[in-house]
Amino acid sequence: AQSVAQPEDQVNVAEGNPLTVKCTYSVSGNPYLFWYVQYPNRGLQFLLKYITGDNLVKGSYGFEAEFNKSQTSFHLKKPSALVSDSALYFCAVRDPYGGATNKLIFGTGTLLAVQP
Amino acid sequence: GAVVSQHPSWVICKSGTSVKIECRSLDFQATTMFWYRQFPKQSLMLMATSNEGSKATYEQGVEKDKFLINHASLTLSTLTVTSAHPEDSSFYICSATPRGTNQPQHFGDGTRLSIL
Chain A
1 AQSVAQPEDQ
11 VNVAEGNPLT
21 VKCTYSVSGN
31 PYLFWYVQYP
41 NRGLQFLLKY
51 ITGDNLVKGS
61 YGFEAEFNKS
71 QTSFHLKKPS
81 ALVSDSALYF
91 CAVRDPYGGA
101 TNKLIFGTGT
111 LLAVQP
Chain B
1 GAVVSQHPSW
11 VICKSGTSVK
21 IECRSLDFQA
31 TTMFWYRQFP
41 KQSLMLMATS
51 NEGSKATYEQ
61 GVEKDKFLIN
71 HASLTLSTLT
81 VTSAHPEDSS
91 FYICSATPRG
101 TNQPQHFGDG
111 TRLSIL
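Chains as they are written, first to last, in this note's numbering: chain A, 1 to 116; chain B, 1 to 116.
Pulled out of the complex, with its shape left as it was, chain B reads as follows (with noise of 0.2 Å):
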């Protein structure tokens, strides 16, 4: 139980094209929903959470103009890339969390993406 899908595992696309990234708890309800972005060799950086029916909060640092968080169904969540340049290029991962307090966070298989 508790499996979060992502999708797409991997894209490449040209620089200045935006990017949507897909975060899906298959089998169970998420309220909140999270965006991570993972550089290599190093830790997890949140970058927001993900509210559903509600706007995204951001961490500090982190554009909301560049980095469209939209959160329309207590099933999905997704993360669009506008404008994608060379430096937006990483490993970004999404966890959703199942109803209850102290419940862990469960991770999608992350997507990663090279802009060119």
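If we strip away everything but chain A, and leave its shape as in the complex, we get (with noise of 0.2 Å):
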């Protein structure tokens, strides 16, 4: 079955240090994936994507993500939290028998708090 894990519930991190959210997947074929946050009553935001390439991936916000084949990871990663990092993350996978839809698979998101 297609899927996603992300292992960690919540995440700590001081402000200033550098902060991992992970995420891995289980999918068949090519995967394409993403990631989004979620801010309180908010709906998501797009922060990268991986399709194909360079595996390490810059999006939005100075976040960053590296796709890794052979443990199946695409963990998120900033050099440097804010406390305006604070919030709810998810990592997803295109379905890949979703068509043409672009239907995705949501992990169960991971709480990202950064301490001042």
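Possibly wrong hints are sitting among the right ones.
Under the rule of at most 25 Å between Cα atoms (straight-line distance), these lysine-lysine pairs were calculated in the DSS-like manner [to be verified]:
id, chain 1, residue 1, chain 2, residue 2
1, B, Lys41, A, Lys77
2, B, Lys66, B, Lys55
3, A, Lys103, B, Lys14
4, B, Lys41, A, Lys49
5, B, Lys66, B, Lys14
6, B, Lys55, A, Lys103
7, B, Lys20, A, Lys103
8, B, Lys41, A, Lys103
9, A, Lys22, A, Lys69
10, A, Lys22, B, Lys41
11, B, Lys66, A, Lys103
Worth flagging that the hints you see were computed from the coordinates, not collected in a lab.
Reassemble the complex: the two chains are provided individually, in unrelated frames, and hints are given to aid placement.
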């Protein structure tokens, strides 16, 4: 079955320190991977995607993610966390059986808390 | 670019009434829109895929007579919660994908529905 796992419900990091939010996937074929962020009572905002090419993908707000095929991972990273980065982060993979709809399979989300 | 507008942002109504939520892609055409439901501190649950000019595709367990979806144009999809009851109270989020493969979904800001 196609799936996305975010093993950490919450990640705590001090402001200025590097952060990592983990994501692993299980999908048939080549994975198309996405990261989204959700602030309270808001929809999801697109951060970055990996389709093909360079394994290190750079996205919005200084975030980046590294695609690792051998470990089936797509961890989200940022060199220096900000308090304003505190939010709920979702990893997602395109459903390979979703046809042309670009249907996504979401992870359970990781709450990032950045302490000042 | 790729802005999705969702309206209303918050609805409070009495049990038994029907509520319509609109999702508009403001600067792109979307042949496919998605409707999600999100419970507190949980991930998004896909309810249905809305296809322009045809019937929506509902996920297993979602009552299509309860949650009516209409996608009459390339920029508008509506979700109507019919005869709403307190258990229908939730955060509903729509998303739309621009034409082309591998495009990310872009999300509305969600609708907080509270049924008294």
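Comparing the hints with the structure gives:
no.	hint	in the structure
1	B:Lys41 x A:Lys77	22 Å, holds
2	B:Lys66 x B:Lys55	15 Å, holds
3	A:Lys103 x B:Lys14	33 Å, violated
4	B:Lys41 x A:Lys49	24 Å, holds
5	B:Lys66 x B:Lys14	16 Å, holds
6	B:Lys55 x A:Lys103	16 Å, holds
7	B:Lys20 x A:Lys103	23 Å, holds
8	B:Lys41 x A:Lys103	22 Å, holds
9	A:Lys22 x A:Lys69	14 Å, holds
10	A:Lys22 x B:Lys41	18 Å, holds
11	B:Lys66 x A:Lys103	22 Å, holds
Taken one by one, the earlier hints fail for this structure only at number 3.
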